[in-house]
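Colleague: Each chain is listed here by its residues.
Number of protein chains: 6
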Amino acid sequence: MSSRTDGRENSRTLRPFKINRDVPGAAPGRVLVQAGRTSILCTASVEASVPPWLEGKGKGWVTAEYNMLPGSTSPRKRRDRSGKIDGRSSEIQRLIGRSLRAVVDLAALGERMITVDCDVLEADGGTRTASITGGFIAMVEAIRSIEDLDRSAKPIADSIAAVSVGIVDGAALLDLDYSEDVRADVDMNVVMTGSGQFVEVQGSGEEATFSHDQLLALIEVAQLGIGQLTELQHATLGDAWPL
Amino acid sequence: MSSRTDGRENSRTLRPFKINRDVPGAAPGRVLVQAGRTSILCTASVEASVPPWLEGKGKGWVTAEYNMLPGSTSPRKRRDRSGKIDGRSSEIQRLIGRSLRAVVDLAALGERMITVDCDVLEADGGTRTASITGGFIAMVEAIRSIEDLDRSAKPIADSIAAVSVGIVDGAALLDLDYSEDVRADVDMNVVMTGSGQFVEVQGSGEEATFSHDQLLALIEVAQLGIGQLTELQHATLGDAWPL
Amino acid sequence: MSSRTDGRENSRTLRPFKINRDVPGAAPGRVLVQAGRTSILCTASVEASVPPWLEGKGKGWVTAEYNMLPGSTSPRKRRDRSGKIDGRSSEIQRLIGRSLRAVVDLAALGERMITVDCDVLEADGGTRTASITGGFIAMVEAIRSIEDLDRSAKPIADSIAAVSVGIVDGAALLDLDYSEDVRADVDMNVVMTGSGQFVEVQGSGEEATFSHDQLLALIEVAQLGIGQLTELQHATLGDAWPL
Amino acid sequence: MSSRTDGRENSRTLRPFKINRDVPGAAPGRVLVQAGRTSILCTASVEASVPPWLEGKGKGWVTAEYNMLPGSTSPRKRRDRSGKIDGRSSEIQRLIGRSLRAVVDLAALGERMITVDCDVLEADGGTRTASITGGFIAMVEAIRSIEDLDRSAKPIADSIAAVSVGIVDGAALLDLDYSEDVRADVDMNVVMTGSGQFVEVQGSGEEATFSHDQLLALIEVAQLGIGQLTELQHATLGDAWPL
Amino acid sequence: MSSRTDGRENSRTLRPFKINRDVPGAAPGRVLVQAGRTSILCTASVEASVPPWLEGKGKGWVTAEYNMLPGSTSPRKRRDRSGKIDGRSSEIQRLIGRSLRAVVDLAALGERMITVDCDVLEADGGTRTASITGGFIAMVEAIRSIEDLDRSAKPIADSIAAVSVGIVDGAALLDLDYSEDVRADVDMNVVMTGSGQFVEVQGSGEEATFSHDQLLALIEVAQLGIGQLTELQHATLGDAWPL
Amino acid sequence: MSSRTDGRENSRTLRPFKINRDVPGAAPGRVLVQAGRTSILCTASVEASVPPWLEGKGKGWVTAEYNMLPGSTSPRKRRDRSGKIDGRSSEIQRLIGRSLRAVVDLAALGERMITVDCDVLEADGGTRTASITGGFIAMVEAIRSIEDLDRSAKPIADSIAAVSVGIVDGAALLDLDYSEDVRADVDMNVVMTGSGQFVEVQGSGEEATFSHDQLLALIEVAQLGIGQLTELQHATLGDAWPL
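Which chain is which? The protein sequence lines are A, B, C, D, E and F, in order.
Anchor point for the first sequence: position 229 equals 221 in our numbering, and the numbering is continuous, going up by one each time.
Anchor point for the second sequence: position 186 equals 178 in our numbering, and the numbering is continuous, going up by one each time.
Anchor point for the third sequence: position 189 equals 181 in our numbering, and the numbering is continuous, going up by one each time.
Anchor point for the fourth sequence: position 36 equals 28 in our numbering, and the numbering is continuous, going up by one each time.
Anchor point for the fifth sequence: position 100 equals 92 in our numbering, and the numbering is continuous, going up by one each time.
Anchor point for the sixth sequence: position 30 equals 22 in our numbering, and the numbering is continuous, going up by one each time.
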């Protein structure tokens, strides 16, 4: 018997996950990803220059920005216009950028910068992992749009997807929604490649601690979920993948 | 013979205008408005408090924020995270807020604040006027969502819509797209109520000047366009309007 | 019978307007303009470089900054030292700059930047329009001070002046002072050239709307007032105008 | 034989010093002070509240702000709008405020704040000392304007004035202009009361050092100059002083 | 045969770790921790108030700030005075605060805030984990200094320590110094309690990925190292622990 | 009979002053200076470039930054992370930089920048003067570390030290601690060279004034104290001085 908000099985069933590639915008890569009620617009842009510290090295760069739109929460989320992006957003966008770079061959990309913007339209838990899963699709589209790119150099080595898992009432749950996330004793975000390698494992006790067994259980549940997301990604990209 | 980008008549035909009320988000008012390729997400939130300078006066407030998402332009638009919102955005959001307040009875609203957020998904000219036209719908939805509101006090007196007009190659054009806006000698934004009163008239010569006759011609063209937008708004709201 | 604060006729009489060119400072263009109690120090400086986005195009630029000194209001006006100029000031200085550029041939100016600083010493309504009227004089003086300028290229095509008008108690009034401005239902700023062309028309209902007839009446009153200001400007400049 | 820019005697003659009390503005205290070409608008405002850390202690506060207007220098001085006031301005306004407080009985002032704003219209050396000398007059006027003030409590104990002195080519000079200040090996600002007590002595070697004898010589020259400024202040205030 | 910078065994030997409690300062908790050349001053302060969102809930709060002093690196590290703390520092101080809170009973602490400041004097890898290990000692001292604290309520449930591990040239290494950190393909920070529970596990591929086996190996190495650090902490605290 | 906090003689005895050169860090110059309980970490770094306004002039630059660590006071001192360094810190670091430059031959230094960072570990009065006395040692060490420096050009002309003096209860006191500083009517900081020349004299009445005799007495006391500090500096540097 499941005790989950929406009746899902603890460890096997993701929330309905949709990737919509038909969204307005001027950036070459654009998707709307939805995991249950969580909705994120991921757009990816290409610039013909790199940050100053990379100039002249013949390598490219991939970076990400994460932002919650004011209407994504109730009560309304204030904009980050104070001049300082808050610590949580900063941490999330660093995670997204690092994760995407793990599967990109920056030398094969050439001196170009890909910026993946993840703007949250609705927040119901798991925004950072959905941003990675959706941001990967936007990044692929943006890189495909580069006219003079040498694809034989394989700029993207593998696909990448992410999911959140957690321990609620002692059980390891897959893909927590917001109401579950609030009750979780342990919260873990896992990022993996399509071929099953780990990219990031970030587990935190929330004013709590966890055992070695619980750590292993969480990782197993995450592997199951990411496998499903990878299939969805490949189905969405169709002929566009591998690049 | 038309000389317009997309073959429209100079003074009578708007770009295809769509209002979609089925968009993700947690705010009570939410629409996606599209004028040709220009796309804006308007969300409206309700807070049970007012700015400090209005406290205790028994009146509400309506304000707006305007923001272009990074993927809305090519090349990518940088985020306003420097701590200073740029002058153009500030001017636009002041215009949107002032326009919406012109049709709201702030006393009938009670001590509540409505914030209308206009986030541009794609920018192809006329984003400020589309924000007003769409923001009105989101504001109506948000005010309708207030459970204990006294509707008999008529918090919203009239509908409101806006359009841009301009002089290009000597002709007065309705609803300029970006390529036309760049070529315009005079640029004018007009905001009117559903009953045909003016709320704002803002005409500027762009390193150019204009005559009294041209001023009158621009206003006439704007009146025509706003009439069509008003019909579209009322059709979209259906039974929800008047409030 | 007039109902105005100072007994002026509604539509014909400006407040006493003075332009004093004998003021301390190191900038080449300097005037103190006074419209009734409103007093503004306008200084204009010349720099031998242009903003980055204009470099190498052989054109100049004209920009303006608007600022209220702390002693200009009672209670004291706080300085804009927070790192963000407030929205109203930003909007005003954009208007001043755009208005001045409308009569300048930026190519004839060469790669130079003119900055017109408008610092308000006393604020009693109409500061933005007085800034334009006075800023024009300071700009002419600054451009005249450029030693190697080719005047035959006619860098300034026409003079420019501005006035505020508004509807108070149903009547169209010329050149509102602060006490009238607060009571106005409609507030309009009009900028025109010496030869009678429009540069800017900005009319706003203040939690009110206005009819087509009212719009026309306001414009007529503004034209009358600007004609008088233009004469004063030309008298002040004497032989210095036309450039 | 004098070697000074303007032929003045080294140690006895101030630049022409003028105090004009007839200047526009809304603050109760307003003067334009001029020392040679240095011109500063000093305005003083009264607020009926004190900074948070003084609340409820029955004492008042006097503070100062110093600012150079853009037209005060050539090339143009950029405004302090970056969110950080520069170190020099901060140091100067702290000196002005501290100096003025030295002659004010803060308890006799009651829970009020006097803000003295010193806006430089033209800068030709000695702006900080002229700000103190002129700011004193503006402060007296502002305190006199407080309707329910108990003057018998003597809120201002003494007058205050300041001058800069320095060592140029081995000689101690009084009241340096900018061209002399640049060449000075030692720069000293001295603030004294009308009765001849010291308030501030700030002497700095500019990539140089000075002897005990030079220190004494500079102080003697400063005393002479301040005596003359005190007379001018008293003459300007006339019956208004002592308070 | 070891390939490590300083000849240590891969998985068993920490760098020399010292905790010095005799350091200058005014905060009640103060230690200097050193791991090899990495040196961090950890001070802990107590305030009698909590952040606004916790007021009136009868609970306390523990937070941390992390900062690198300019002399801690060569070339010099610039100070975070731009108004925005950089993303890396923000992430680190959030980790330190979250880790320390995992062992504190915030209700038993009462409405007090403990701030643990970690200022890096010299940075040679592992500053965030050394900050946690040392910050724990400073926090214990600060909490012990609270005069009216009810110790029987057990405000600190367990000790906490942290270490970094990583994969370099295919081998799992314990306690990486900077030169090893730069070469690492995978970098992991592990935080554990004295009783062997996990608090945080943060593993990242640096433009690389890692297998399930590597993940398990890293965790095993970290457990070994943290056991040693826990013993050192208990020895340092002596009679002061358990609280 | 002495009335001082710690029983010292008024005008002759410094607090115990220690200079420790064995401190952790990566900067080439590093000392911990202690005057009584006041403790400051001074580090000095060398960069191979100068500020933009000095580029290409063949001269170097010396600058200083002053910062109080959070644990240096009780209650805790908040960090300067607001984007604006407070006025007091700005003033202090400008004093430190100016003082150090007075003894450096910037041309002999070549196009290099020395930054002396003074981070206060514990604040008990006299932090700015201790920063100068200790910063001098750190600067000497940093300049000595420059491998290709031409020492025959004598980049440092003299040693420099500083002390605070003040008038408490009518008596001139040497080297005030915090409790004395709070009670002082006059506060003076004096900076002198090893050969007895003055570099800075900054005396301020704290809501008080002082006579010519008191000024002379303060300077005499300061000379005595600085003489002792100079001896300590030379003893600390040993063979390292003169450079």
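Don't take each hint at face value.
Which copy is meant is left open, so a pair is good if it fits within one copy or across any two.
The calculated lysine-lysine pairs, modelled on DSS-like cross-linking and capped at a C-alpha distance of 27 Å, are [as the list claims (entries may be wrong)]: (1) K10 to K49; (2) K51 to K10; (3) K146 to K51; (4) K69 to K51; (5) K49 to K146; (6) K69 to K49.
It is worth saying that the hints were derived from the structure and are not from the lab.
Colleague: State for each hint whether it applies.
Modeller: Hint check:
1. K10 to K49: neither (38 Å within a copy, 41 Å between copies)
2. K51 to K10: The answer is neither: 33 Å in one copy and 41 Å across copies each exceed 27 Å.
3. K146 to K51: within (14 Å within a copy, 46 Å between copies)
4. K69 to K51: between (37 Å within a copy, 23 Å between copies)
5. K49 to K146: Within one copy only: 19 Å inside a chain, 41 Å across chains, cut-off 27 Å.
6. K69 to K49: Result: close only across copies, 24 Å inter versus 40 Å intra.
Of the hints listed earlier, those the structure fails to meet are numbers 1 and 2, in rising order.
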